[in-house]
Each structure stands twice: as C-alpha cells, then as structure tokens.
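Peer 1: So you can see what is in the structure, the chains are spelled out below.
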Amino acid sequence: VTGDTLVHRALLYGGEDEFLSAAVPFLQEGLGESDHVLAVVPPMNEIALRDMLGTDMNDVQFINSLDFYLHPVRTIAAYNDVVQGVAPRRLRALAEPNWQGRSALETSEWGRYEAIVNAAFSKSGAQVICPYDRRKISNQVLNGCMRTHPELLEGGYYPAYNNDYTVPEAYNSNVDRETLAAAPAGVDRFLIESADLSPVRAFITERATRRQMSPANLNNLLIAANEVATNAVTHGTPPIELMVWVHDGSLICEVADIGLWHPEDLVGFLPPETANSIGFGLWGARMLVDLIQVRAGFNGTRVRITTAL
Amino acid sequence: MGWAVESIRGQHVETLNTQRPVGDLRPGDHAWLAYAHPDEQSRVLGDFVYSGLDAGEKIICVTDTLPRLLPGLLTRHEIDVTPFAEAGHLSVIPWNKACVLDGYCDPGQMAKTLEREIDKALDQKFNRVRITADMTWAAGLPGGSDFMLGCDHEVDSMVGPSTSVTAICQVDRRGCTPGALDALRSTHEVLVEVNPEYDDGVLKITRTYEPHGLRLEGEIDSARHAAFTHTLTSVSDPRSEVHLELGRLRFIDLGALNLIGTHAMRLTRGNGLVLDNPSPDLETVIQMVGFHRFPGITRGHGWRSQ
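Taken in order, these protein sequences are the chains called A and B.
For the first sequence, the numbering used here gives the first residue as 10, with consecutive numbering after it.
For the second sequence, the numbering used here gives the first residue as 102, with consecutive numbering after it.
Hints may be right or wrong, so weigh each one.
[Unchecked claim] Incomplete in silico selection of chain B near chain A, CB under 8 Å: (1) 303; (2) 307; (3) 322; (4) 352; (5) 355; (6) 358; (7) 359; (8) 362; (9) 363; (10) 382; (11) 390; (12) 396.
[Claimed, not checked] Which chain A residues stay away from chain B? Per the calculated CB distances, all over 10 Å, these: (13) 15; (14) 51; (15) 60; (16) 69; (17) 71; (18) 112; (19) 114; (20) 145; (21) 146; (22) 174; (23) 188; (24) 259; (25) 267; (26) 279; (27) 303.
These aren't lab readings, by the way, just hints derived from the structure by calculation.
For glycine and all other residues, C-beta sits at the position ideal for the given N, C-alpha and C.
Here chain B stands alone, though its shape is the one from the complex (with noise of 0.2 Å):
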C-alpha cells in the first residue's frame, strides 16, 4: 500500500489509497470509483469491461441496465456487448436479484449471489473474473451508505485475498454526501481512475474530472508537443475552465509555456486555463519571463505567489 496524493476539488487530501489507472488493476484489486461525470464513468467502466472481454476474462456487472447499455461500450468501444451476454462471457445482474433477501436489501445477499457467480465462472474454465457494481441507486436511500459500506466489505473480504478477481464498486459523487464519500474512500484501497490518454515513459497525460482538466506528470518537450496539444484540445470547452495540474511535472520547456499561453487564448476564451500546484522551480520561471506574458492563464492552487 502506498501513500498516494490526490486532488481533490483542487486541494491536496493526503489519503491511504494507491491511485491507479484501471488498465493497471490487478487481481485481487478492490477498486473504487467515484465519477464526476459520465464520462469519467463510461472511460473507467468502457475500459474495464472491454479489455476484459478482449482477454477472454469473464466479467460480472451488479447493475440495473441492459448490457448493451453499460457504460462506456457502445459510446466509447463501439460495441454491443449483447452476444457477449448471451453467451456467457457477460453476466449483468439486477439489484434485486443480486441482493434482495426476504424483502430487503442485504449485502451478505449480494455478497453470496458474487461468490455463486464467481464459482461457476471458474468452473466454466474462465481464468480470471472482473466485477462491476453501480451503487449510485443506494447513495440517495435512507441506510444507502450502510448498505454501500456492508457491500464493500463483503467484495473487499472477497476480492482481497484473490488471485484471479478484480473488482470495481462505483458510486456517482455527485449523490453522495461528503461523509459517505469519505467512508467509502477509506474502505478501498486502490481508487481507481481513466487510462491515461499519453504515457511515453517521460510524459504522462490523465485526464481529470473534478476539477475538469488534465494532469500532467513527468517531462514535456518539443518531442511530446503533439501530444499535449492534442489532448489539451480533446478537454477544452469555450465554456469551461479546464484546469492543468502539474504538482508532479518535473520539467516543462518553454515551447510548452508557449503552447499553453497560445491554448489559453484560443481555445478557452481567456481565463479558462487554470494552472494548479506549479512546482517552486517553475513558479520561478513563469515569475521571471512575467506573469503578464501568459494573458489567459489564471493561477489556482498551490502558488506561493498571487
């Protein structure tokens, strides 16, 4: 287990999770989402399922929809997973039938309803299982947070000591209340987050969602200029801030500063691109070629300077 430093709405909250990107999930990871947006969601979720599928694993989805309606797999991978279900590869499960016990919800219920499934997976000779479950239904109930919290600790207690499933739990942020939140988040020890759109090794590019932007870790040069551009246009919207962490940018040459004061006033309309956690070092350098020399760049957290 690792320290991990994770923004959150644009503060730094030290928590006692590892945060991973979900093509990074292993076996025996319990991994926990909380979405900002659908498409957070949909690129977790898209992903997950997909190179699942792709790797002959079966996968298992606790969810109320159809599976051709799961998230992320006809939008974003263009497919329709519903051969896939037919044939068993896919097992989408109600809530009701997965955790319903004499009337009520009961996460032993569920919990029994994954271990029956997860069997008959292994049985049918798959090697590895993926689990999904969408719990934003029971964030809104009275006793949903018990009810969220009982589930993942039976999946954890499940999950945990496996050599061969991977889980998801998923929750929609904007139901829960910050205490909820809170309580899920230290429950899970790996937080799961979307694949990063650019990693060569020395740049890594992530998109972030709350706040909307992206985060940028390692080093950018003019080799990596394509990229960034590229993914700096893919999150911008003329009506929305777009916020660029950098707490973990080791070095950013001045094309880059270029490009990002150039992005700034074209595509955002002045004032969107919000700079957060710059490191001394390039606080430093944006300080002596002059602030004002980035119109359209705004400072959000982490400076030492305002």
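Pulled out of the complex, with its shape left as it was, chain A reads as follows (with noise of 0.2 Å):
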C-alpha cells in the first residue's frame, strides 16, 4: 500500500443528505477493500452515519472531532500514527476539522494543516475525504478549502479536479507571509549573546512565574524556546533577541536576528521518523507549544512562540 498516492477531497455539502449520499459509500466502500475505516466526525454526523450505516458501522471506528481536532501540527502527527499503526492495511478517514469558533489566526493555521496533509501522507494510499458543511463555514475556511484539496465532490459520486489547488508548499509560505501583530510597546528583552542558554531559560521561568503559568507548560515552553533560541545562535545572525509579552491569556516569546533564513518548505509540520531525522527540533518544538510562527525576510527572522498560562 505504502507508495500508492493519496486521496484527499473536499465534500461540500448543504445538508444532511448531501453529507450521507457521499459519506455512506465511501466509508462502504472501504469495508469492502478491507481499508481500516475511520469517521472523524462532529457529534451530529456520526449519529446521521451509525442510522445509515446499519451493522456496518460495528467495524468503522468513530471519532468526535471536536476532541481530535485541538493542535494541527498533532493533529497530523496522530494521523501519521494511525496510517503506520494500521498499516499494511490502508486508512480510509472521513475527516471533518471543527471549525466553528475559530478565530482567523486559528483558521489559517487549520488551512496549513489541510495543505500539509497532502505532503505528509503522499505515498500513504490514503483514502481522505474532508466534509465542509457549506452553511456553516466563512469565506474564510471555504477559500482554503478550495485551496488545499486536490478533488472536490459537490454533488454526485465522481469528483471533480480542482483547479484551486494550490501546492502545500506555495500554500504554506503563503501562510507564513501573513502580518504577525506587532510586540506591544514595553515588552521585556533579553540579548542572546550565546550558546550557553541557561541565562535565557532563567529570563522565560522568571516571566512565566510570575503570571502563574503551570509547571507542565513552561517545561514545555522552555524546550520550545530553547530549540528556536539555539536555532538563531546556530544559525541566525546576532544581535538575536528575546522579547517576552502576554497576550489574550498566552505568553508569547518571540526570537529575533537580523538573519535572513530560508524555512526548508514544511520541515518542522512533517512528522520526522525518528528524533535523528532532520527537522526533528523544530517540528518538536511545534509539538511542545501552542502555535510557533516563523517570519523570514530580507529585513530579519522572527519566531514566535505562543503558549497558554
């Protein structure tokens, strides 16, 4: 199975029916290739599925999206779990992403992990189909849609090509181009002057203390930042600056060097096969924290680190 292409599609539906009339044979279908078949769904269509599936849906595992959609650089990272845990057998998943009550920053992160998934499971055979319920969904989320999944279903059995498509990589530093909020004036600053990092994990401890961030995510935001702060000493070009700030309930630590890096295109969003694979930091990193956003130009590279308090 392993080097067959992947199938991802878009299935934009109005209704109920639409939803059925696409979902059902897919998942059906799947049964019958003895696919290991997955429905992450919100609560409403799984039980819309199960009423048509009949005894069929004892062997389709259901998962509520609304608990599996949280973290999209995990959120990958479980999916490739799956496909390497049920393999040699293939993975069919009816994969619905929440959408509701994101915000645009948490959208267009959500948008790059449906552009990622067409890199990450390439050569996985997947069989994906992404249910978009049209009256729900923004401009927004309808745009990335159309974007990110090679094939749509819009009614009827047979997709259609979609000309939208945009390659994960083009979408990804699309992504990346987008304006970061500024630092709000008054932030604390650190100068990393070197390898020797203990001062710099000290500065962050002192900040996160302070405003009552639990031990288990400064553990976590320490590694994070750790990794990005050795990336600049390594890589960047000094002077290399910690700035620390709270924002809407999070603490952002943001490194900055007057270097011009060139991000390897979605290193850091694919799961490494093991911790000696490249882009193991950075991608763990991401794992560790809430978001970290990258910013590289002519005029220097940003990293920021968002993480909860």
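Hints in hand, dock the two standalone chains.
Peer 2: Written out as structure tokens, the structure is:
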C-alpha cells in the first residue's frame, strides 16, 4: 500500500442528505476493500452515519472531531501514527475538522494543516474525504478548502478536479507571509549572546512563573524556546533578541535576529521518522507549544512562540 | 549530614549518607567506597592519592601491594610513586604489619598503627594526612564483616574529630554479602564516588558503575552537547548496556534527545541505552514527541508509563 497515491477530497455539503449520500458509499467501499475505516466527525454527523450504516457501523472507528482537532501539528502526528499503526492496511478516513468558533489565526493554521496533509501522506495510499458544511463555514474556511484539496465532491458520486488547488509548499509559505501583530510597547527584552542558554531559560521562567503558568506548560515552553534560540544562535546573525509579553491569556516569546533564513519547506510540520531525522528539533518544538510562527525575510527572522498561561 | 538519594542497582534507596566526589573530600571525612568495577576503584583511589601527593600531603595506604601498583596511579595518572614512598611522602603498610596482634587481626592494633603513622607524619611537618584502607581481603573470610566494622569504628573515631586527616575505606562490593554492605554503609557518613567527568556549574556528568553509565545533573543545552557526546562515547561499549540516570536532570533540550537517539543506534547497536528515572516533565515530552521516535532506547527504572 505504501507508495500509493493519497486521495484527498473535499466534500462540500449543504445538508444531511448530501453529506450522507457521499459519505456512506465512501465508508462502505472501504469496508469492502478491507481498509481501516475511520470517521472523525462531529457528534451530529456520527449519529446520522450510524443510522445509515446499520451493522456496518461496527467496523467503522468513530472519533469525535471536537476532541481530535485541537492542535494542527499534533493532529498530523496522530494521523501519521494511525497510518503507520494500521499498515499494511490502507487508511480510509472521513475527516471533518471543527471550524466553528475559530479565530482568523486558528483558521489560517488549520488551513495550513489541510495543505500539509497532501505532503505528509502523499505516498501513504490513504483515502481521505474532508466534509465541509457549506451552511456553517466562513469565506476564509471555504477559500482554504478550495486551495488545499486536489479534488472536490460537489453533489454526485464522482469527484471533480479542483483548479484552485495550490501545492502545499506554496500554501505554506503564503501562510507564513501573513502579518504578525506587532509586539506591544514595553515588552521584556533579553539579548542572547552565547550558546549557553541557561540565562535565557531563567529569564523566561521568571516571567512565566510570575504569570502563574503551569509547571507542565512552562517545561514545554522552555524546551521549545530553547530550541528556537539554539537555532538562532547556530544559524542566525546577531544581534539575537528575545522578547516576552502577555497577549490574550498566552505568554508570547519571540526570538528575532537579523539573518535571512529560508525555512525549508514544510520541515517542522511533517512528523520525522525518528528523533535523528532532519527537522526533529523544530517539529518537536511545534508539538510542545500551542503555536510557533516563523517570519523570515530580508529584514531578519522572527520566530514567535505562543503558550497558554 | 544530609540526605542523599543513592541509586543502587537502579532502585532509589534513601540513605543517611552524603555522597561526595573524591575531589570534594575534606579533613574529618571518613568516606566509604564500595566499588563495583576496578576502574571505579582506580579513579577514586588514583585521584585521591595523586592529588594528595600533589598538595604535599602525607599518604598512608593500608594494602597488600607495592607502591607503584596502587590503583589508578600508573594507569590513570601515569606516575610511578616509588620515589614518593622512598622519600616518606607515601607509606604503604601491609595488613599483617598494620593489624596483627598475637597472630590475630585486631582492629585496635590497626588503630594504634595508624595513630603512630599519623603522629609521625604531623611531626615531619606534613599538615594533612590521607589514609586509604583496602578491606576486600577480609570480606570473604569468616568473621571478616565484624573485623571490617571494627576497623571502621576505630578509623571513624580517629578521623571524625580530626582537622587534618581524610580517610577512604574501600571494599569490592562483589566480594561482600548484601547484609555486610548495608552494615558497612551505615557506619560511614560519607560515600565517596568518582570525580565528575564534566562540571561547569550548570551540567554535571558523573560515571556510574552499578549500573554502568552516566548520571546527569542540572541542565543540558547545545553549549554542553560536545561534553555530553564525549562522555557518552567514553562509557559506551557495544557489548554492554549504558544507563543514563536522569533523576536530577532539570532540563534537556531537543538536540540532546536527538544525540541520545543517534548514540543509541550507533554505539550500543540498539536497545543498549537505558534511561532511568526521568522527571515527570521529561517523560511527558518524550511521550508527546513519541517514544517510537527513539529506536534503541529502553525505558529503565522510574518510568510512570511502560
């Protein structure tokens, strides 16, 4: 199965009938072909699917999408674990991310997630349909959907090629061009001048502890921030500055240098095979905190880490 | 006296002893070394005797060997100490001369011998005296444990109040019963161990011999990767397991985890690198990035998950 091409289709539905008429045959086909069949959908759609599938539903693994789509990088890793865990069987997934109540920033990151699926599982042979409820999604979500799925299901059984599809590398670098909100005036600053980062960790610890960050979150933040700072010290151009501030219930740590960094496309999003693989560091850092944003250009490189307090 | 957590055969045992590197011993310390490997003995004793000679202190060794064969001097410090023995800086006293009274080994007699030697040294204008006593020969004999305990008691009452004498009593732990080891340990306030391989105030790396490996204390980041790799390589042997004791490691960066992963595959040929007692935070990190991404690493003692 490995080596087979990924199928990644968007199903744009306007009602339950439309949803079921595409989803049910898709799942049943998988059962017929002995795929590992997974339905990651909201509770309402799970109920509808169970009614239609009858006894077949016992062979379908249901997961509540509200519990599954919490962190884009972790979700990719979780799907990767599933793909590897069920091999040599093929994964067939009905995968409906949760778009309600997402901020513009979150929507953007989940759009990136949809793009990266194309790269992460390109040779897995996985069969994936992502249902989008046309009645509920915003234009931003719809735009993302159209650019991240090579094929569309819009009524009818046969998919249409999607001319708006963008290769994941291009989509990814577009997301990384969105402007970051400026750091507020009066942020705490620390000049990083040495590979010995223990003063950097002490600086962050002091500020996080003052704002009552939980010890577990702090530990993860320290590892992520240390990784980003190490990268700046190793590859960046001094002066390297750390800025720390609080925004919207999160502690923001930003490491900036004046070097020009070309982040290798998608590295840091794709789950590495082992800890020895290229990209383990940045990917590991992304796994540990809520969000890492990279902005690289001719005026320097900025990496912003967001961790809930 | 402080509480120390000593890792014995991988289990955490709380003992009322202070664990101290040989380089940190001070006058008045009556330390105990139960070595698990000849290398451990030669590192501790070699460093103890060498630095004593270096500082112009008097060395008294109660052992049945020639001066130049004292552990760790020729091999580790590449010096033949025979001239020091001839010049009176170093006295090697065989056990039969040190403790035999009327044909029996007598702890009291040993105390008298040592007292005489110490007085002589201080009269000769030595300011400090270092004593080592190798008791392994007694461990296997009937009544050997009682003799060792008797000697320890005598040495303790001699060294404890002293401001000029430091002593190490040593025994090969492989020759002792667990009961005898427990009894001997409890008579020593200080447990001596090898000097750290690396210590920059943030990270300390110390060799361990039971189990074989390293103990990491403090914080590892990229500024310390080279030292970590170097020491890890120095204890690695494709034929044996290497344990990393992590109980006192407060921070480890992803790069060091990567190094551990690379090392596990290369130098121990898989499944040879055992991680013991990770902090709950470290265990969470390893879980989050996936334990399966560390082929060649085995979970040792003190893991909450298996």
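Peer 1: Compare the structure with each hint and give your call.
Peer 2: Now the hints, each set against the structure:
{"no.": "1", "hint": "303", "verdict": "5 Å, holds"}
{"no.": "2", "hint": "307", "verdict": "19 Å, violated"}
{"no.": "3", "hint": "322", "verdict": "5 Å, holds"}
{"no.": "4", "hint": "352", "verdict": "6 Å, holds"}
{"no.": "5", "hint": "355", "verdict": "5 Å, holds"}
{"no.": "6", "hint": "358", "verdict": "6 Å, holds"}
{"no.": "7", "hint": "359", "verdict": "5 Å, holds"}
{"no.": "8", "hint": "362", "verdict": "4 Å, holds"}
{"no.": "9", "hint": "363", "verdict": "5 Å, holds"}
{"no.": "10", "hint": "382", "verdict": "4 Å, holds"}
{"no.": "11", "hint": "390", "verdict": "5 Å, holds"}
{"no.": "12", "hint": "396", "verdict": "6 Å, holds"}
{"no.": "13", "hint": "15", "verdict": "22 Å, holds"}
{"no.": "14", "hint": "51", "verdict": "26 Å, holds"}
{"no.": "15", "hint": "60", "verdict": "37 Å, holds"}
{"no.": "16", "hint": "69", "verdict": "26 Å, holds"}
{"no.": "17", "hint": "71", "verdict": "24 Å, holds"}
{"no.": "18", "hint": "112", "verdict": "24 Å, holds"}
{"no.": "19", "hint": "114", "verdict": "22 Å, holds"}
{"no.": "20", "hint": "145", "verdict": "31 Å, holds"}
{"no.": "21", "hint": "146", "verdict": "30 Å, holds"}
{"no.": "22", "hint": "174", "verdict": "30 Å, holds"}
{"no.": "23", "hint": "188", "verdict": "29 Å, holds"}
{"no.": "24", "hint": "259", "verdict": "19 Å, holds"}
{"no.": "25", "hint": "267", "verdict": "20 Å, holds"}
{"no.": "26", "hint": "279", "verdict": "13 Å, holds"}
{"no.": "27", "hint": "303", "verdict": "16 Å, holds"}
Against the hints set out earlier in the document, a violation occurs for number 2 only.
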